[in-house]
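Take a look at the letters that make up each chain.
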Amino acid sequence: MVIDLWFIFRVLVFPGFTFIFFFTMFCDWIERKIEARMQNRVGPAFTGPGGILQPFADVIKLLTKEDIVPAGAKRKVFKLAPILAFSFVVFAFSFLPIDGAAVIPNSSFAGDLIFVMALITIANFFLFLSGWASANPYGDIGATRVLTQFLGYDIPLILLALTPAFIAGSLSITVIAANQYLPFALLAPWAFVLFIVTLQAELEKDPFDIPHAESEVVGGLETEFGGGKLAFLRLTRDVQIVFGAALVVELFLGGPYGPVFFGLPEFWYFLWFVLKLLAVVVITEYVTCLFARLRIDQVLSANWKVLLPLSVLSLALTVAVATWIYPLMV
Amino acid sequence: MGKRVQIQQAHLGKASIQVKADATKDAVKALLEANKNAGIVALTGLDLDKKIGLMYHMCTNGVIVTIRTEVPKKKPKIATISDIIPGAQFHEREAADLFGVTFEGHPNPARLVLPDNWPENLYPLRKDAKIDEALAKNETAPSKAEPAPAQNEGDLVNIIIGPQHPALLEPEKFSLTVDGEIVKHVEPRIGYVHRGIEKAAEQRTYLQDVYLVERICGICNSCHAACFVETVEEILGFDVPLRAKYIRTIILELNRLHSHMLLLGHAGLEIGYETLFQYMWRDREPIMDLTEMLTGNRVISSAMTVGGVRRDLQEKDVPKIKTQMVTLKKKMDFYHKLFENEPSFKMRTKNVGVLSKEDALKLCVVGPVARGSGVAIDVRKDEPYEAYGEIPFNIITRDEGDSWARLMVRLDEVVESINIIDYALDHMPSGPFRIKVPRVVAAGEAVNHVEAPRGELFYYVKSQGTAYPERVKVRTPTFANIPAFITIAEGGNIADVPPSFVSLDPCFSCTDR
Amino acid sequence: MGKKSSVSPMIKELLSQLFKKPATSKYPFVKAEVPEGFRGKQVYDPNLCISCGLCSRDCPAKAIEMVEVGGKRSPLFHLDLCIFCYQCAESCPRKAIKSSEFFELATTNKSSLVLKPEGPSQKGECTQQ
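Protein chains in written order, with my numbering: chain A, 949 to 1278; chain B, 51 to 563; chain C, 4 to 132.
These aren't lab readings, by the way, just hints derived from the structure by calculation.
The structure displayed is predicted, hence computed values, not measured ones.
Hints may contain errors.
Listed next, the in silico DSSO-like pairs over lysine-lysine satisfying Cα-Cα at most 30 Å (straight line) [as the list claims (entries may be wrong)]: (1) C:Lys24 x B:Lys366; (2) B:Lys486 x C:Lys98; (3) B:Lys370 x C:Lys24; (4) C:Lys65 x B:Lys486; (5) A:Lys981 x B:Lys396; (6) B:Lys366 x C:Lys101; (7) C:Lys34 x A:Lys981; (8) A:Lys981 x C:Lys15; (9) C:Lys23 x B:Lys380; (10) B:Lys372 x C:Lys24; (11) B:Lys381 x C:Lys15; (12) B:Lys381 x A:Lys981; (13) B:Lys381 x C:Lys34; (14) C:Lys29 x B:Lys380; (15) C:Lys34 x B:Lys366; (16) B:Lys379 x C:Lys29; (17) B:Lys177 x B:Lys75; (18) C:Lys24 x B:Lys381; (19) C:Lys15 x B:Lys396; (20) B:Lys234 x A:Lys1253; (21) B:Lys366 x C:Lys29; (22) C:Lys24 x A:Lys981; (23) C:Lys44 x B:Lys366; (24) C:Lys15 x B:Lys372; (25) B:Lys379 x C:Lys34; (26) C:Lys24 x B:Lys379; (27) C:Lys24 x B:Lys380; (28) B:Lys387 x C:Lys23; (29) B:Lys370 x C:Lys15; (30) A:Lys1253 x C:Lys15; (31) B:Lys380 x C:Lys15; (32) B:Lys380 x A:Lys981; (33) B:Lys486 x C:Lys44; (34) C:Lys101 x B:Lys370; (35) B:Lys370 x C:Lys29; (36) C:Lys29 x B:Lys372; (37) B:Lys387 x C:Lys24; (38) A:Lys1253 x B:Lys396.
Assemble the whole structure, with the sequences as input and the hints as a guide.
So, in structure tokens, the structure goes:
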């Protein structure tokens, strides 16, 4: 058997696991700095130049803390669920074209958009399991809220993700990203805006911040966790944010493709991908700072009464526009 | 009532009558007949050697009428008035804890301010209470197992908020009984921060007591000091110079500014609006700096003393204060627009925790809680003290009675405070800022109230003619507002409990003393 | 809920704050300025003291102890009990106690929180840092 070193390099180092990990830390730092500057304060400042090492410091600190399993908890689930949640999100990342080709080479297939969404849903289900296995009422309530919110908003998310699929004529992320002669955000702005709103809910950011509402549920699903397991839960959340932004970039903003000036095209694709992703992260952070946190019943009614009908309408509108108007444009 | 009632001396704004113990309830009923909006302000107990004196301070039309009675120490029983005035429940429980008076007919005679394992028959505020002995023997009451929370009968779940909880700044315990998402019953247990300040005040001189009462609450410290010194000055019969009154007014209004801004930022935290919190506290910093400039410390001002203020206002400080007030006013415009227009903020606070006007009057709530429900009471207007009689300003009221209204009342009061400070600076009289007073205070007693940021703060001081006070009684605004929390929370959503709670502006250090 | 009468001002404010200097001052790398008259650590002048003991009597926190130093009764300040109210300075008939602007008193060594009076020949100075 020939071991393909190139394959291993791509999966483990770049643009695979190592890159995803470091990039998540970097996005976390960007988020915190942007939030701080918008709130007229400094944010992380002392660890490393400009505080850029702060997210690493947080993970390392967590790893050195006491890591116990409560007496009444379901041990195996409690220990495995955080790691599994993290792994599933990272695995979902591997189908996205970051430098022009998917992370795992030749892995993209028709329908991998739906597959990737399913992976994320399973990851959130593991998050739910970790709270449920905690033997703590706050963990229970937090876990239920995470699942209710995620599953509820998953439906409009998929409906809205179908818009670029419809316009590009394929359910494969690599194909969708490659076929955007004009970013779909401009061709179907209604779907783009609604997608960003739904993403806020999926990523549990204000105004849909309920699972992290300390004044109501103390720690939420993270209540009983400490040490390494808590580090994985936090990392899962952070990687999800980067993944959500990456999905927006691939589906609506033209993926990694953009003008190539000189030298290696992969380098430019990678650069455009990073820049677009950071732009999306800044936008979501801005929306987070803008709003207060809604109550759980307000979050749910916003989903079923507002977003779901709107996403159905958006899909209908896209079909109409794509069938009749785009052919006239091309 | 004839010979059961004796009218005693009355002075401006205050009157007092002496009744026999069994006539107390009739006296209160007569008062309520004359004015159905009368309410209880405080219930002071006094150790009179062989008897225990009870003074019901009632407030009617802005005047404090004190109904005094006595019960023998061997058999301290008296009928409760909590059936005609529900707001009196907490006051009677406190008197029962600290003096050992039994109020017959009280619906819930449990301990209020003392811990559950406090020894029986040890009443701290009685002069003959042997507290040191009991502490040395390490006596505790047989620990009564907490009544097991009603085991989730049917759909009812028990949720306990506190004593340690991220939503609470200070420890108190609230046991909520919830059915699904609706709160059915609230049982508060206070007393976790009880430090026995009233007893400590009897063992220090008047001069030292000013610093002691300041530390009842960090946020409204100047108001406690101001109320105390005013009461002592009333016993002495001295009037402080006008310049001192103006300086006191400025310091009190700065206190109000920083307290309201603190609360508005904290409200932002409770509803998940971090940005509001960061902005509001950033804008609060200049107020702390001004207080530091005027009094030497950012929080505890220690500026009041019996006879005036400790430091004079320097001319060179006045322009700095004025510039800050101008900046602050502009910022308040921003917050006003934000509160009126921000959709998620309104969704969390409008129609949340509604307190109707009738309930507000029945429960005798005070401060912005009352003003947010349309009850226009404000000690600064009802019975002007310091320089408030000479300074024009408005009382802010709102009719909605929800959390949004209470927060808006505080926001608008910030603007009024800015105007008061500006006016006081412009019209500052010259003259002395302090007069000398004797260390030994002649025998006498007095009551006084001021408008603290959270509401009406009430003090009663009695002097026996020595340098040490005989009795100092403090009734803080949050103590009067906690029963309102029960009314607000019951029947509402559990997710609404943090915002409605924080809109009451609870300060538990004040409540427990 | 209806239509909002105008737009939340937070939308513009958040964006404009991105370009403004943060309000945070990076203490302890930046010195904290305190105004004149700040109630910090005590400065005691033994040359003015007349050993009357009024400061000790009036202290609300019982933080001043009269001790014998160089044949003279002088006040010893227990800074861990002190509430920095400066009633002692007010009660002193000769103004021997004054405030300084020094406030960085945090320490891990409790014995350094005792301000001992020097003998009558020199001013008692802050001995910390």
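Can you name, in rising order, the numbers of the hints this structure does not satisfy? none
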